[in-house]
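Novice: Here are the chains, one letter per residue:
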Amino acid sequence: DAGVIQSPRHEVTEMGQEVTLRCKPISGHNSLFWYRQTMMRGLELLIYFNNNVPIDDSGMPEDRFSAKMPNASFSTLKIQPSEPRDSAVYFCASSRGATNEKLFFGSGTQLSVL
Amino acid sequence: AQKVTQAQTEISVVEKEDVTLDCVYETRDTTYYLFWYKQPPSGELVFLIRRNSFDEQNEISGRYSWNFQKSTSSFNFTITASQVVDSAVYFCALSEVNSGGGADGLTFGKGTHLIIQP
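Respectively, the protein sequence lines represent chains A and B.
Following our numbering, the numbering of the first sequence begins with 1 at its first residue and continues without gaps.
Following our numbering, the numbering of the second sequence begins with 1 at its first residue and continues without gaps.
Chain A extracted, bound-state conformation (with noise of 0.2 Å):
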């Protein structure tokens, strides 16, 4: 298995520009995760999909802060407009979803805004 796949490892971009951050979990699994991690709050929980349903995304910071997951295999983080704040490594997670399974991580995306 491919495992979890994020893209891109590494965006660098200027405040006010909008980012998208994309993920693709494994194959059969039905929760997906986006995690936030930085020094000073450590890892994050943003939001999270069950069966392409939004949970709980009491997580997101703002309304700059947009998840979707359109279909199984695929979902996006979107931030607009970016700010410095906002830099981070960016992790997606995925599990089978049954009874809090074991989450695989992505490698991450790490962002800076400029």
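Bear in mind the hints are in silico, worked out from the structure with no lab data behind them.
The reader is advised that the hints may include incorrect statements.
What the hints assert, rightly or not - Okay, derived cross-link-like pairs now, PhoX-like style, lysine-lysine, Cα gap no bigger than 20 Å in a straight line: (1) LYS38(B) x LYS102(A); (2) LYS110(B) x LYS38(B); (3) LYS68(A) x LYS24(A); (4) LYS38(B) x LYS16(B); (5) LYS3(B) x LYS102(A); (6) LYS16(B) x LYS110(B); (7) LYS78(A) x LYS24(A); (8) LYS3(B) x LYS38(B); (9) LYS102(A) x LYS110(B).
Stated by the list, open to error - Simulated DEER-style distance windows between Cβ atoms: (10) GLU83(A) x LYS16(B): 45 to 55 Å; (11) ARG96(A) x TYR64(B): 22 to 32 Å; (12) SER58(A) x PRO41(B): 25 to 35 Å.
C-beta: ideal position from N, C-alpha, C; glycine also.
Chain B: place on chain A using the hints.
Specialist: Just chain B now, kept in the frame of chain A:
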């Protein structure tokens, strides 16, 4: 609300020493899951163990062992005879069962940076 505390921000030991990473959690649920993940310098998050709240048996996997004690709400991780390749950030995490019985997100501790010196 659930919470995970890893009080040790950084630990440095010499190779071959044993080292224990502490994890204390808070939850109001009786059913929950505990995890440990490793994040090596390359940045990916690697799953190490998952334990449910009804199974307090300690677990050993090679040089790794875990001690789960509900009485103290702790889930500590010990590496025996540490090696340089064990150098990484280690995260403890907690997951509660949501109302629908389905998968819930993990709440992570801040992590412990383990440095194994040769």
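Novice: Does each hint hold? Answer for all of them.
Specialist: Status of each hint after checking the structure:
1. LYS38(B) x LYS102(A): Within the cut-off at roughly 13 Å; holds.
2. LYS110(B) x LYS38(B): Roughly 12 Å separates the two Cα atoms, so the pair holds.
3. LYS68(A) x LYS24(A): holds (12 Å)
4. LYS38(B) x LYS16(B): Since the Cα atoms of LYS38(B) and LYS16(B) sit roughly 19 Å apart, the hinted pair holds (cutoff 20 Å).
5. LYS3(B) x LYS102(A): holds (18 Å)
6. LYS16(B) x LYS110(B): Status violated; Cα separation ~25 Å.
7. LYS78(A) x LYS24(A): Within the cut-off at roughly 15 Å; holds.
8. LYS3(B) x LYS38(B): holds (19 Å)
9. LYS102(A) x LYS110(B): Answer holds: LYS102(A) to LYS110(B) is near 19 Å, not above 20 Å.
10. GLU83(A) x LYS16(B): 45 to 55 Å: Cβ of GLU83(A) to Cβ of LYS16(B): about 47 Å, so the range 45 to 55 Å holds.
11. ARG96(A) x TYR64(B): 22 to 32 Å: About 24 Å separates the Cβ atoms of ARG96(A) and TYR64(B), which means 22 to 32 Å holds.
12. SER58(A) x PRO41(B): 25 to 35 Å: This hint holds: roughly 32 Å between Cβ atoms.
Hint 6 from the list above is the single one not met by this structure.
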